[in-house]
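Those sequence lines, one after another, are chains A and B.
For the first sequence, this note's numbering gives the first residue as 1, with consecutive numbering after it.
For the second sequence, this note's numbering gives the first residue as 1, with consecutive numbering after it.
You may find that some hints are simply not true.
Reference listing, derived: stretches of chain B covered by chain A, where coverage requires no fewer than 3 residues with Cβ under 8 Å from a Cβ of chain A [as the list claims (entries may be wrong)]: (1) 40 to 50; (2) 54 to 62; (3) 93 to 107.
In silico PhoX-like cross-links for lysine-lysine, where the CA-CA straight-line distance does not exceed 25 Å [unchecked claim]: (4) A/Lys263 <-> A/Lys280; (5) A/Lys77 <-> B/Lys46; (6) A/Lys119 <-> B/Lys58; (7) A/Lys118 <-> A/Lys77; (8) A/Lys77 <-> B/Lys58; (9) A/Lys52 <-> A/Lys158; (10) B/Lys83 <-> B/Lys2; (11) A/Lys118 <-> B/Lys83; (12) B/Lys83 <-> A/Lys77; (13) A/Lys9 <-> A/Lys257; (14) A/Lys238 <-> A/Lys183; (15) A/Lys68 <-> B/Lys83; (16) A/Lys9 <-> B/Lys46; (17) B/Lys46 <-> A/Lys211.
I should point out that these hints are in silico values taken from the structure, not numbers from a laboratory.
All of these numbers come straight from a predicted model, not from anything done at the bench.
Quick reminder that beta carbons are idealized off the backbone N, C-alpha and C, glycines included.
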Amino acid sequence: MKIAIASGKGGTGKTTLSSNLASYLAEHREVVLTDMDVEEPNSGLFIQADLKHEEDKFKMVPQWVEDKCTLCGICQKVCNFHAVIQLGTMIMVLPELCHGCYACSELCPESALPMIPKKMGKLIEFRSDNLHFIESRLDIGEEQAVPLIRQTRNYIDKTFPDEVIKIYDAPPGTSCPVIEVTKDADFVILITEPTPFGFHDLKLAVETMRKLDKSFGVVINRDGIGNNDVMDYSEAEKIPLLAKIPNDRIIAEFYSKGQLIYKEVPAFRHELDGIIAYIKTLKDLKQ
Amino acid sequence: MKIAFTTQGTTWNSAMDPRFGRTEFLLMYDEEKDELTHYDNRDTAKDAHGAGPKTAQKLFELNPEVLITGNGPGGNAAAVLEKTGIKIIVGATDMTAQEAYDKYKKGEL
Ligand code: SF4
Ligand code: SF4
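Build the full structure now, drawing on both the sequences and the hints.
Here's what the structure looks like:
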């Protein structure tokens with residue numbers, strides 16, 4: 001079972017929810033929590049665990065072979081990302097911008113752009129009892145999150161059997177990296193705040209999930225601020241409202257200390273119970 | 001000497017564009033010929049990625065000796081510009097191209 005936790009924008013409590021939900025579930029079963037925000041991973045702040053495994057991750061980028069090149073300029077024309085550029089008598093590759101699509105390499109008439117591996121980041125795995133925690137991090141300057149996310153998903157698929165619950169903490173937004181994370185999720189939790197901004201971003205996220213034909217539900221964070229728009233909308237659109245996390249100073253305090261909240265605040269744990277109960281019905285339906 | 005400016009318009013009175021990669025225009029001044037020309041760079045607005053290197057490549061073709069701009073190019077564009085040998089002067093924001101040129105000549109940029 002794979003659950004992705006996503007939100008239209010950052011700072012809506014995505015990491016709080018995923019780290020607490022994963023740790024809580026791990027009290028009774030094996031869970032893998034993965035921070036998929038490879039540009040700025042931060043779930044690790046809340047998880048105390050031992051380092052188990054570390055590996056470099058590579059992507060394929062073209063390398064210019066000057067002797068073979070006739071400066072025909074085809075490579076520069078076919079690259080949609082301006083990652084290969086002709087400067088007079090020189091071809092320059094910008095590996096950070098390269099999407100590894102092979103177009104320039106395959107269309108070069110002189111085979112002057114062979115693809116070679118280039119390190120783009122690192123995958124790190126931690127473990128604390130039942131809880132596995134995986135964090136992938138792009139190297140500084142790397143701009144392409146999708147290849148690293150894809151490789152991280154592959155690592156999880158081959159390392160952990162199906163019955164282990166997998167929780168993906170998605171990057172903020174609704175762009176390609178989020179789609180890459182939610183692609184093979186069985187269920188997506190969209191977390192939002194009940195404010196006009198939160199509502200706006202939620203609608204975008206819902207549209208994206210519908211296009212991807214995903215099963216999803218909504219969690220309201222900091223319930224009590226803002227207005228009822230998110231609730232009314234979820235009801236009208238028949239989107240399951242999984243939990244309402246109260247806007248509570250105590251929660252914010254535990255969060256800022258990097259502590260797990262469900263252990264200290266019963267009201268918060270109660271909301272997690274609601275989410276878990278819902279996920280269980282889902283699982284039964286699927287099997 | 002040929003000098004390039006990142007601008008929001010096509011005349012000496014145009015405001016400088018602080019951005020490099022997504023500058024609206026590249027205004028070119030040829031001191032020997034006393035001639036002002038421009039390149040319309042507005043289609044970089046459509047590029048999600050790589051606007052910087054694309055503009056840098058264009059600038060290489062325009063072949064100025066000096067570029068006067070605002071915030072300075074980002075990492076990828078800077079890598080390209082480094083190969084071109086164009087001298088980059090940053091900090092020309094909140095002024096017109098004319099003011100930027102005058103300041104540059106006085107060594108104030
Ligand atoms: S397509 Fe190949 S031969 Fe043509 S300019 Fe690019 S590298 Fe050189
Ligand atoms: S592999 Fe694709 S993205 Fe990378 S430089 Fe070549 S054409 Fe551009």
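Evaluated hints:
1. Under the rule that three or more residues need a Cβ within less than 8 Å of chain A, the assignment of the region 40 to 50 of chain B holds, with 3 such residues.
2. Only residues whose beta carbon comes within less than 8 Å of a beta carbon in chain A count, and the region 54 to 62 of chain B has 4; three or more means the coverage holds.
3. Remark: the region 93 to 107 of chain B is not confirmed as covered by chain A, as 0 of its residues place a Cβ nearer than 8 Å to a Cβ of that chain, below the required three.
4. Restraint check for A/Lys263 and A/Lys280: the C-alpha separation of about 21 Å stays at or below 25 Å, so the hint holds.
5. With a C-alpha separation of about 16 Å, the suggested pair A/Lys77 and B/Lys46 falls inside the 25 Å cut-off, and the hint holds.
6. For the hint linking A/Lys119 to B/Lys58, the alpha-carbon distance of about 29 Å lies beyond 25 Å, and the restraint is violated.
7. With a C-alpha separation of about 23 Å, the suggested pairing of A/Lys118 with A/Lys77 holds against the 25 Å cut-off.
8. Between the alpha carbons of A/Lys77 and B/Lys58 the distance comes to roughly 13 Å, so the proposed pair stays at or under 25 Å and holds.
9. For the given pair, A/Lys52 sits about 16 Å from A/Lys158 by alpha-carbon distance, which is consistent with the 25 Å threshold.
10. At roughly 18 Å between alpha-carbon atoms, B/Lys83 and B/Lys2 fall within 25 Å of each other, so this suggested pair holds.
11. Restraint check: the Cα-Cα separation between A/Lys118 and B/Lys83 comes to about 21 Å, which is no more than 25 Å; the hinted pair holds.
12. Under the criterion of a C-alpha separation no larger than 25 Å, the hint pairing B/Lys83 with A/Lys77 is consistent with the structure, at around 20 Å.
13. Restraint check for A/Lys9 and A/Lys257: the C-alpha separation of about 23 Å stays at or below 25 Å, so the hint holds.
14. With a C-alpha separation of about 22 Å, the suggested pair A/Lys238 and A/Lys183 falls inside the 25 Å cut-off, and the hint holds.
15. Restraint check for A/Lys68 and B/Lys83: satisfied, since their Cα atoms lie roughly 21 Å apart, inside the 25 Å limit.
16. Restraint check: the Cα-Cα separation between A/Lys9 and B/Lys46 comes to about 23 Å, which is no more than 25 Å; the hinted pair holds.
17. The hinted pair formed by B/Lys46 and A/Lys211 meets the criterion: a straight-line CA distance of about 23 Å does not exceed 25 Å.
Violated hints, listed in ascending order, are 3 and 6; each of the other numbered hints is respected by the structure.
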